[in-house]
Amino acid sequence: MNAKSADRIATAVIIGVASLIVLILAGMLGFILVRGVSHISFDFLTSAPQTIKAGGGIGPQLFNSIFLLLLTLIITIPLGLGAGIYMSEYAKPGRLTDSIRLVVEVLSSFPSIVVGLFGLLVIVNVFGFGFSLFSGALALTVFNLPLMVRITEQSLKGVPREQKEASLALGLSRWKTITSVMLPIATPTIVTGTILAAGRVFGEAAALLFTAGMSSPRLDFSNWNPLSPTSPLNPFRPAETLAVHIWKINSEGLAPDAAEIAAGASAVLVLTVLIFNFGARWFGRYLHRRFTATK
Amino acid sequence: MEQSAVDNKKRSHSGRSTRAIVKPHVMEEWVGKVYTTLCILVLVITIGAIVYFVSSRGLATFFVDGVSLSGLLGGLKWDPEADIPLYGALPFIFGSFSTSLLAALLAAPLSLCAAVFMTQIMPGFGKRVLQPVIELLAGIPSVVFGFIGLSVVVPALRAIFPGQGIGIAAGAIVLSLMILPTITTIATDALAALPRGLKEGSFALGATRWQTIYRIVIPTTLPSLLTGVVLGMSRAFGEALAVQMVIGNSPHIPHSLFESASTLTSAITLSMGNTVMGSTHNNALWSLALILLSMTFVFVFVVRFLERRNNR
Numbered sequence: 001m002n003a004k005s006a007d008r009i010a011t012a013v014i015i016g017v018a019s020l021i022v023l024i025l026a027g028m029l030g031f032i033l034v035r036g037v038s039h040i041s042f043d044f045l046t047s048a049p050q051t052i053k054a055g056g057g058i059g060p061q062l063f064n065s066i067f068l069l070l071l072t073l074i075i076t077i078p079l080g081l082g083a084g085i086y087m088s089e090y091a092k093p094g095r096l097t098d099s100i101r102l103v104v105e106v107l108s109s110f111p112s113i114v115v116g117l118f119g120l121l122v123i124v125n126v127f128g129f130g131f132s133l134f135s136g137a138l139a140l141t142v143f144n145l146p147l148m149v150r151i152t153e154q155s156l157k158g159v160p161r162e163q164k165e166a167s168l169a170l171g172l173s174r175w176k177t178i179t180s181v182m183l184p185i186a187t188p189t190i191v192t193g194t195i196l197a198a199g200r201v202f203g204e205a206a207a208l209l210f211t212a213g214m215s216s217p218r219l220d221f222s223n224w225n226p227l228s229p230t231s232p233l234n235p236f237r238p239a240e241t242l243a244v245h246i247w248k249i250n251s252e253g254l255a256p257d258a259a260e261i262a263a264g265a266s267a268v269l270v271l272t273v274l275i276f277n278f279g280a281r282w283f284g285r286y287l288h289r290r291f292t293a294t295k
Numbered sequence: 296m297e298q299s300a301v302d303n304k305k306r307s308h309s310g311r312s313t314r315a316i317v318k319p320h321v322m323e324e325w326v327g328k329v330y331t332t333l334c335i336l337v338l339v340i341t342i343g344a345i346v347y348f349v350s351s352r353g354l355a356t357f358f359v360d361g362v363s364l365s366g367l368l369g370g371l372k373w374d375p376e377a378d379i380p381l382y383g384a385l386p387f388i389f390g391s392f393s394t395s396l397l398a399a400l401l402a403a404p405l406s407l408c409a410a411v412f413m414t415q416i417m418p419g420f421g422k423r424v425l426q427p428v429i430e431l432l433a434g435i436p437s438v439v440f441g442f443i444g445l446s447v448v449v450p451a452l453r454a455i456f457p458g459q460g461i462g463i464a465a466g467a468i469v470l471s472l473m474i475l476p477t478i479t480t481i482a483t484d485a486l487a488a489l490p491r492g493l494k495e496g497s498f499a500l501g502a503t504r505w506q507t508i509y510r511i512v513i514p515t516t517l518p519s520l521l522t523g524v525v526l527g528m529s530r531a532f533g534e535a536l537a538v539q540m541v542i543g544n545s546p547h548i549p550h551s552l553f554e555s556a557s558t559l560t561s562a563i564t565l566s567m568g569n570t571v572m573g574s575t576h577n578n579a580l581w582s583l584a585l586i587l588l589s590m591t592f593v594f595v596f597v598v599r600f601l602e603r604r605n606n607r
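Chains as they are written, first to last, in my numbering: chain A, 1 to 295; chain B, 296 to 607.
The hints are simulated quantities; they were obtained by calculation from the structure and are not laboratory data.
Being a predicted model, the structure only gives us computed values, none of them experimental.
Here a beta-carbon is modelled for each residue, glycine too, at the ideal position from N, C-alpha and C.
Hints may contain errors.
[To be verified] Simulated pairs of lysine-lysine, DSS-like, Cα-Cα distance not exceeding 30 Å:
| id | chain 1 | residue 1 | chain 2 | residue 2 |
| --- | --- | --- | --- | --- |
| 1 | A | 157 | A | 92 |
| 2 | A | 164 | A | 176 |
| 3 | B | 318 | A | 176 |
| 4 | B | 318 | A | 92 |
[Stated by the list, open to error] What the simulated footprint calls covered on chain A by chain B, stretch by stretch (three residues with Cβ under 8 Å from a Cβ of chain B suffice, anywhere in the stretch; the number is not a length):
| id | region |
| --- | --- |
| 5 | 2 to 8 |
| 6 | 84 to 92 |
| 7 | 167 to 179 |
Isolated chain A, as found in the complex:
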């Protein structure tokens, strides 16, 4: 076989594999959406699940997922921004910085189930928060923090050096330079990254099995007192999220329509992740236009 035909065959194989990957993703998304979307209705999205009867919904689970995501972001964003700023602006090259970088790397590659177990032992039992939204949010913080640090560090590194030096030359302090000059430039990238990371947190389940719990108490959506145990706003109540719910009904679902509920809930989860993905890109571009006056 001469070199030319080998080249042609190899190119064909590579193009074939690339199209196979596109087909697999299209097939997966198609499967999830075709099987699930027909099951999504207003009633399905808002009603409570049934344990042994057909016709249960995913209302509380959907609410829990969104609430948990908000709680996590409230804890993660200030911590992640601070640590990211430190890594990009204050850390001096040397042994200490290297080891901190290693810590971030190791933390980001911990299996999420190990993070969940740590949450069970320390947050749920030692600190005594029990199975609650708050414990879940702390576990997800451990999971999300390294991502936030990396996003912040990379976007700050992407700020042109001249901008930073000009600000320092005007006599501004380093902190003022970071907050008033560098962060606004880095914000579009940070926001895009944060929303993408939020999409991952939204679908996370293994870390939540042992922290936020696998059950949801009966919620009274007219009760807005955050201290009452039946109030949806109480952060110290157990909460099953959408992803955990999908896992649970697939492993031990007793309802006769468990398969349809799993399909519907998966479709809702995938649609949400898709919205996060496209939303992040759109919002990042929008912020970039607003902040930089480019068209």
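Go by the hints and put chain B onto chain A.
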């Protein structure tokens, strides 16, 4: 004379007053430094706490309950409910290694082709179509992968091969799809960072595109490609729920790829909630978590080693 003395006095006076109250920008700088350092401290303390608590629980199996290390790592039978409870974790270790290795073997060639396609063959189309596809694949939650595995992969395997369809093969297929984006992204970055002169030199000598790719491009970027594969394996090793849904979860070493098996993560997921904190069974599960944790460190150090070789 007198004038300059007054000037001096004035200057020294103003000097004293600025020293008395800290200048606002010094104060500002101090706040920033303390705040960011505290954030870093939280990170470092968290990882320290995770390692400490998981090891203290995981080691209790050996020091408090008297299970031997070789018995746990090499024992073939896991039966904590028996009259003489047995804690042999080898089936789980075997399950974890075989699924993640197989997943990496399945995903690596696919990812390599995708990366070559995106950087060497059709960069424009690759950036517009394949890259977003890969990123979407990375965003799909693991329970959804599990659900697809359960409703598509397992029935398909059941139809083609003997057995129930659940088992290591199903787990490896689901995992390979999950780690495909990880490997592809790293491989694409490595291939895109290749110096142009290398490829152009090869073309100038009359080599075809394929000869250039497999004699020049791939060997030069091999360490980075391996880094991607190791990172993918590390993700596959720690993945819990998707594997648990399709692998069948029976605690013994299977005779074929299509027979029910179990992994470290699936054993922890299923049993942790049903055991009493502090019992031997519970501690043994923490030992499994400790094995997972140690493997994470091994993977991180392998990746660091490969990167160092790559930079040289």
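Here is how each hint holds up against the structure:
1. A:157 with A:92: 14 Å, holds
2. A:164 with A:176: 10 Å, holds
3. B:318 with A:176: 14 Å, holds
4. B:318 with A:92: Answer holds: residue 318 of chain B to residue 92 of chain A is near 25 Å, not above 30 Å.
5. 2 to 8: holds (count 4)
6. 84 to 92: holds (count 5)
7. 167 to 179: holds (count 8)
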